[in-house]
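Chains as they are written, first to last, in the numbering used here: chain C, 1 to 215; chain V, 1 to 216.
Some chain V residues well away from chain C (every beta-carbon gap over 10 Å; in silico):
1) Gln-4
2) Thr-5
3) Leu-6
4) Gln-16
5) Gly-18
6) Met-19
7) Thr-29
8) Val-41
9) Gln-155
10) Ser-157
11) Leu-168
12) Ala-177
13) Pro-190
14) Ala-203
15) His-210
16) Thr-213
Okay, the calculated bits of chain V under chain C, using three or more residues with CB under 8 Å as the criterion:
17) 43-49
18) 130-136
Taking beta-carbon pairs under 7 Å as the criterion, some of the chain C residues facing chain V (in silico):
19) Val-27
20) Ser-74
21) Gly-77
22) Pro-97
23) Val-102
24) Pro-118
25) Leu-121
26) Gly-122
27) Leu-124
28) Leu-167
29) Thr-168
30) Ala-169
31) Ile-175
If you're looking for bench data, these hints aren't it; they were derived computationally from the structure. C-beta: ideal position from N, C-alpha, C; glycine also.
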Amino acid sequence: MKRISLEEAVAAIPDGASLAVGGFVGVGTPERLCDELVRQGRRDLTLITNDTARPGMGVGKLISARCVRKVITSHIGLNPETQQQMHAGSLEVELVPQGSLVERIRCGGFGLGGVLTPTGLGTLAEEGKRRIEVEGKDYLLETALTADFALVHAMYADYSGNLHYLLTARNFNPIVAMAGSRVMATADHIVPVGVISPDDVMTPAAVVDHIVANH
Amino acid sequence: MNPQTLIAKRVALELQPGMLVNLGIGIPTQVANHVPAGIDVFFQSENGLIGTGPVPEPGFAHPKLTDAGGQAVSALPGACTFDSAFSFGLMRGGHVDMTVLGGLQVDGSGHLSNWMIPGKMVPGMGGAMDLVTGAKQVVVAMQHTVKGKPKIVSQCSLPLTSVRPVDLIVTELAVIAVVAGRLRLQEVAPGVGVDAVLAATEAVLEVPDHVPTMPI
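Just chain C, same shape as in the assembly (with noise of 0.2 Å):
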């Protein structure tokens, strides 16, 4: 069964789980599955996102509610939360360029190793990573990233699952769905199959487990 409510699916996600999550500085992020995970008191997650938001906002609040034991994120400057809790040890962040990030996710989800990119050459962010040589220019290997469950916001899911974002709340979501081995969605609004136009769905019903049921 593709729908399943609020409580159903967060119960479905256990402590210690990998979570891709969608939004870009809480813009397009799942709030609701957020709150929840919350609610329930999720530990130890690992959490695969472009920027920890805002305290009280977006994935903000898994940080806030000490659910993250390590995130993988381009920026966390937004939230002094998680420069205090990896300061002080509680919590690793590995910071990634968020084209790289986004590049590592989409290798994930599209079956591919890694990728080749020029950025972080030379940088701090070249630790740790193999350098290789194409065609006389350098490049770094960027690994592939996956999640145990994506969790992504649309404006519009059908109620088969198809997905459509909007404006600027599309960001990571269409890569993060892509990435996860149980992908769940919540949507402002629920239609009818049809609505959304074929040429219009951005994440394709085919690769989403679970519709989360609104209010």
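Following the hints, complete the assembly by docking chain V onto the known chain C.
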């Protein structure tokens, strides 16, 4: 003139019609307020938008139309949106003609540090490394000094954003071009002498015989 306004106005003179331009947060954001008349450019927001417009009037903001800092923006006629993989493909693929970023330090070879101060401030690089690596032109818009200390230094003591040198540095005192790995004083701000620029700069600057004043 307020130093930040002066910097933004001078950077805006670098804009050419039809350019795709990415503005960082801080002083670079203000460049959009000073686009010369008759110059149409496309502004990109790294979170997935080309055609970023000004902050909407009260009551006309949409929570899903935001800039890279999460603040509400508008979209101009002809705007388009896309996902983050596409957005960074625009940068690394050389489709972004110019990026304007803030800086903590720039060194004598034009290397930029702008994403962390070890032990003090670790915000993360966000999109800065991709922008500096991939954009066709990289312009640094920053104050010339911080607490009286030069930000244009012989060698960056802070972690680099990229090994690719920037192209132009615009401060409230001067415009400095990076040419073949060296810094060349290109313009001084109105009322500022060459000696004052040299005194506020740690890195070696090449000074041509004639240094014009910024045309602002």
